[in-house]
Amino acid sequence: MLEAVEKILRYTAGMTSDQLQADAKTLDAVIMNFSVLGEAASAVPDGIQSRWPDIPWRVITDMRNVITHQYFKVSPEILWETIQTQAPPLAEQLRDLVRTLEGESP
0 MLEAVEKILR
10 YTAGMTSDQL
20 QADAKTLDAV
30 IMNFSVLGEA
40 ASAVPDGIQS
50 RWPDIPWRVI
60 TDMRNVITHQ
70 YFKVSPEILW
80 ETIQTQAPPL
90 AEQLRDLVRT
100 LEGESP
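The opening position of the sequence shown corresponds to residue 0 in numbering that gives the first Met the number 0, with each subsequent residue numbered one higher.
The set of hints was computed from the structure by calculation and includes no laboratory data.
Note that CB positions come from ideal geometry on N, CA and C, so glycine has one too.
Warning: the hint list may mix true and false statements.
[Stated by the list, open to error] Quick list of in silico lysine-lysine cross-link-like pairs, DSS-like style, CA-CA up to 30 Å: (1) Lys-24 to Lys-72; (2) Lys-6 to Lys-24; (3) Lys-72 to Lys-6.
[Stated by the list, open to error] Distance ranges between label pairs, derived from CB positions: (4) Arg-50 to Glu-5: 15 to 23 Å; (5) Glu-91 to Asp-22: 22 to 30 Å; (6) Leu-1 to Ile-77: 20 to 28 Å; (7) Leu-100 to Arg-57: 19 to 27 Å; (8) Lys-6 to Glu-80: 16 to 24 Å; (9) Asp-17 to Trp-51: 28 to 36 Å; (10) Ala-23 to Glu-80: 15 to 23 Å; (11) Gly-102 to Ser-74: 36 to 44 Å; (12) Glu-101 to Phe-71: 38 to 46 Å; (13) Gln-69 to Thr-99: 32 to 40 Å; (14) Asp-61 to Leu-100: 19 to 27 Å; (15) Gln-83 to Asp-61: 14 to 22 Å.
Using the sequences provided together with the hints, build the complete structure.
In structure tokens, the structure reads:
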């Protein structure tokens, strides 16, 4: 999950919404990584999800479902807003999750 959100942020760094919409390759890569993010989120065990209740697990998996099953309804404007407002805090939350779980490994 962390790798996917970091790719989204890296691919769109320094871009505007209009630039993203005009760049089909980057837009496709971003959409693909949102799909990967959602698929990975759906595989996270409930016990881990309950330890990080501030991560919007359901929203992430729901977004993946829209991207996968209703691709032509994906709004570049909503993607952009999500990238700008939700992706950076999600990346931080996932970094915290990874650090914590790595610290618990034997």
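query: Do the beta carbons of Glu-91 and Asp-22 sit within 22 to 30 Å of each other?
result: 26 Å, holds
query: Holds or violated: are the alpha carbons of Lys-6 and Lys-24 at most 30 Å from each other?
result: Holds. Lys-6 to Lys-24 sits at ~13 Å (cutoff 30 Å).
query: Does the alpha-carbon distance linking Lys-72 and Lys-6 stay inside the 30 Å limit?
result: 23 Å, holds
- prompt: Is 19 to 27 Å right for how far apart the beta carbons of Asp-61 and Leu-100 are?
  reply: 24 Å, holds
- prompt: Does the Cβ pair Ala-23, Glu-80 satisfy 15 to 23 Å?
  reply: 20 Å, holds
- request: Kindly confirm whether 38 to 46 Å is satisfied by the beta carbon distance between Glu-101 and Phe-71.
  value: 40 Å, holds
Cβ separation of Leu-100 and Arg-57, checked against the hinted range 19 to 27 Å: At roughly 21 Å between Cβ atoms, Arg-57 and Leu-100 fall inside 19 to 27 Å, so the hint holds.
- prompt: Are the Cα atoms of Lys-24 and Lys-72 separated by 30 Å or less?
  reply: Within the cut-off at roughly 18 Å; holds.
- request: Could you check the hint for me, namely that Arg-50 and Glu-5 are 15 to 23 Å apart, CB to CB?
  value: 21 Å, holds
- prompt: Holds or violated: 16 to 24 Å for the Cβ distance of Lys-6 and Glu-80?
  reply: Holds: the Cβ-Cβ distance is about 18 Å, inside 16 to 24 Å.
- request: For Asp-17 and Trp-51, compare the CB-CB distance with the range 28 to 36 Å and indicate the outcome.
  value: 34 Å, holds
task: Indicate whether the distance between the beta carbons of Gln-69 and Thr-99 respects the range 32 to 40 Å.
output: Holds - the Cβ-Cβ distance for Gln-69 and Thr-99, about 35 Å, lies within 32 to 40 Å.
Hint violations for this structure: none, all hints satisfied.
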